[in-house]
Amino acid sequence: MTTAEPPNGLSHRKIKSRQPDEISGHVEDHNNVQEEDRSRWQKHAQKVKVKVLQQVHDQLSDLLDKTLTEYVQPFTQLQPAVNEKTSKTTSSSFQRMDDGKVFMDRPSLLDELFEINHIRTIYHMFIAVLLIFCLSTLTVDYIDQGRLVLEFDLLSFAFGKLGTVTWAWVVMFLYTLLVPYFTLVFWGSFYHSFPSKLGLSLGTGLVLFAVQTCVLGVFPVYVAVHYELPPASRFIVIMEQIRFLMKSYSFMRETAPVIMKNTPKEGESPKFPTLSSYLYFLFCPTLIYRESYPRNTHIRWKYVGVTFGMILGSLFYGYFILVRLCVPVFRPETNQPFSKRTMVLAVFHSILPGIMILLLCFFAFLHCWLNLFGELLRFADRMFYKDWWNSTSFANFYRTWNVVVHDWLFYYGYRDFLWLSRRKFRTAGMLSVFIVSALVHEYALGMAFGFFYPVMFCLFACFGVLFNFTMNDKRQNPVFNVIMWACLFLGQGVQVCLYCQEWYAQIHCPRTGNSFWELVTPRSWSCGYQS
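Take the sequence shown: its letter number 287 is residue 287 in the working numbering, and every next letter is one higher.
Since the hints were made in silico from the structure, they are not lab data. A virtual CB, placed ideally from N, CA and C, is assigned to each residue, including glycine. Do not take every clue at face value.
Said to hold, decoys possible - SDA-like, lysine to any residue: derived pairs with alpha carbons at most 20 Å apart:
{"hint": "1", "residue 1": "302", "residue 2": "375"}
{"hint": "2", "residue 1": "302", "residue 2": "468"}
{"hint": "3", "residue 1": "386", "residue 2": "468"}
{"hint": "4", "residue 1": "386", "residue 2": "103"}
As the list claims (entries may be wrong) - Okay, the calculated beta carbon distance ranges per label pair:
{"hint": "5", "residue 1": "315", "residue 2": "138", "range": "17 to 23 Å"}
{"hint": "6", "residue 1": "419", "residue 2": "302", "range": "41 to 47 Å"}
{"hint": "7", "residue 1": "249", "residue 2": "520", "range": "27 to 33 Å"}
{"hint": "8", "residue 1": "151", "residue 2": "120", "range": "30 to 36 Å"}
{"hint": "9", "residue 1": "155", "residue 2": "419", "range": "45 to 51 Å"}
{"hint": "10", "residue 1": "514", "residue 2": "276", "range": "45 to 51 Å"}
{"hint": "11", "residue 1": "190", "residue 2": "425", "range": "43 to 49 Å"}
{"hint": "12", "residue 1": "119", "residue 2": "200", "range": "54 to 60 Å"}
{"hint": "13", "residue 1": "123", "residue 2": "421", "range": "42 to 48 Å"}
{"hint": "14", "residue 1": "227", "residue 2": "303", "range": "48 to 54 Å"}
{"hint": "15", "residue 1": "132", "residue 2": "227", "range": "36 to 42 Å"}
{"hint": "16", "residue 1": "311", "residue 2": "276", "range": "24 to 30 Å"}
{"hint": "17", "residue 1": "218", "residue 2": "514", "range": "16 to 22 Å"}
{"hint": "18", "residue 1": "249", "residue 2": "327", "range": "37 to 43 Å"}
Generate the whole structure from the sequences, applying the supplied hints.
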């Protein structure tokens with residue numbers, strides 16, 4: 001039995017009608033594949049673009065810094081600052097003869113970032129938190145006392161006896177202005193004609209060292225202890241002591257080698273830096289001496305007013321942090337028997353006030369205070385810090401957190417150590433700088449609080465050195481930025497917790513003797529005061 005076949009024309013029409021459908025399906029699948037491939041390539045290209053732009057940005061930044069340094073160096077050595085009255089010959093003869101820090105006209109990083117609305121909004125958020133702190137204090141006082149009270153008793157206590165601080169500062173300032181300068185003039189006047197240059201230098205150096213030890217070493221400590229200055233007043237005296245020591249050393253270190261190398265001609269007297277330039281250096285926000293610096297043409301008084309307001313706001317911000325977040329936790333009325341649980345909870349509770357105090361210290365001092373003096377003195381180089389918050393290594397954090405102090409430690413500590421050791425012991429030089437910095441930090445805090453509790457020294461000299469070598473500049477992954485911030489958070493929590501506990505322990509469990517171990521043993525280890 002035969003099956004009827006369709007006519008040839010109909011069969012061909014069906015085949016032809018299926019072919020476009022199949023072809024269109026294949027084309028659509030092919031287009032989808034191409035679209036997915038294109039999407040993947042776009043994402044890959046975007047990642048490559050970000051990496052390339054970052055590398056190009058870093059390389060261009062390094063190249064630009066190097067170019068600007070090479071370009072500005074001759075002018076900083078040959079020309080005085082804008083509107084300076086010193087002559088070119090005098091100014092150029094007292095620039096450092098080897099490669100040192102080059103000053104140039106540049107603004108602070110936060111001033112540039114605050115021009116961006118997104119960054120300025122973060123600043124506004126901190127202001128809002130300050131207002132909430134103030135409102136919280138008023139509300140609690142109203143509930144407890146039935147009236148609005150906004151007393152700043154903690155501030156008045158911390159900054160007490162400012163008259164004593166003032167006259168002590170005047171003594172240190174006049175000494176630092178006159179004695180090192182005229183000692184340099186005396187030494188330089190006889191250096192090239194004296195039979196024994198080494199004997200003159202050693203004798204002058206020893207006398208100056210003895211006087212420095214008495215006036216800038218013992219005298220501030222005596223004032224702080226004998227007059228029983230409160231914490232903030234003590235801190236002012238000690239910080240000014242350290243600043244005057246670092247400034248006077250930089251002045252001698254920068255000018256003495258120039259005098260030694262520049263032998264005056266017959267009948268001429270040696271050239272010395274002017275007293276006015278040294279006076280300007282004592283107030284300008286840098287620790288590296290130069291005969292002249294880049295200067296702005298005018299003072300922006302509106303900027304001065306706003307910056308001064310920021311300093312006052314930061315001061316009250318710190319007050320509210322202590323009153324609302326620290327005092328209620330660590331005061332004796334709320335103290336609990338010591339245990340591991342209470343200790344861990346206290347540390348974690350202290351992380352928030354600790355990191356806020358750290359950010360406030362950075363903003364109030366490294367940005368506002370230094371920029372305030374920079375603006376008043378028309379000091380143009382405002383790079384007091386770099387973008388330390390982006391650091392992925394602690395090595396970079398230490399370099400960028402406080403550029404002013406880092407420069408002093410680098411040029412007069414680390415680099416001079418390498419010069420003395422003929423560049424053989426770089427690790428030892430780095431460790432020595434860390435130890436000295438840790439000791440000075442601990443000395444300042446210990447004198448301010450009035451007790452010995454080396455928390456800062458242990459964190460700085462032990463964990464700081466460890467992190468400096470383990471989390472070095474090779475760590476570029478953003479994960480290490482998270483690790484760095486986590487370590488800062490935890491470290492600040494530990495410091496706030498232990499120092500607050502020790503402060504109240506010193507009050508409620510005073511020393512019973514003056515033996516060495518009695519002085520260096522923390523009272524919080526044995527004090528079991530209860531309400």
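*Which numbered hints turn out to be false for this structure?*
The structure breaks hints 2, 11 and 14; every other hint is satisfied.
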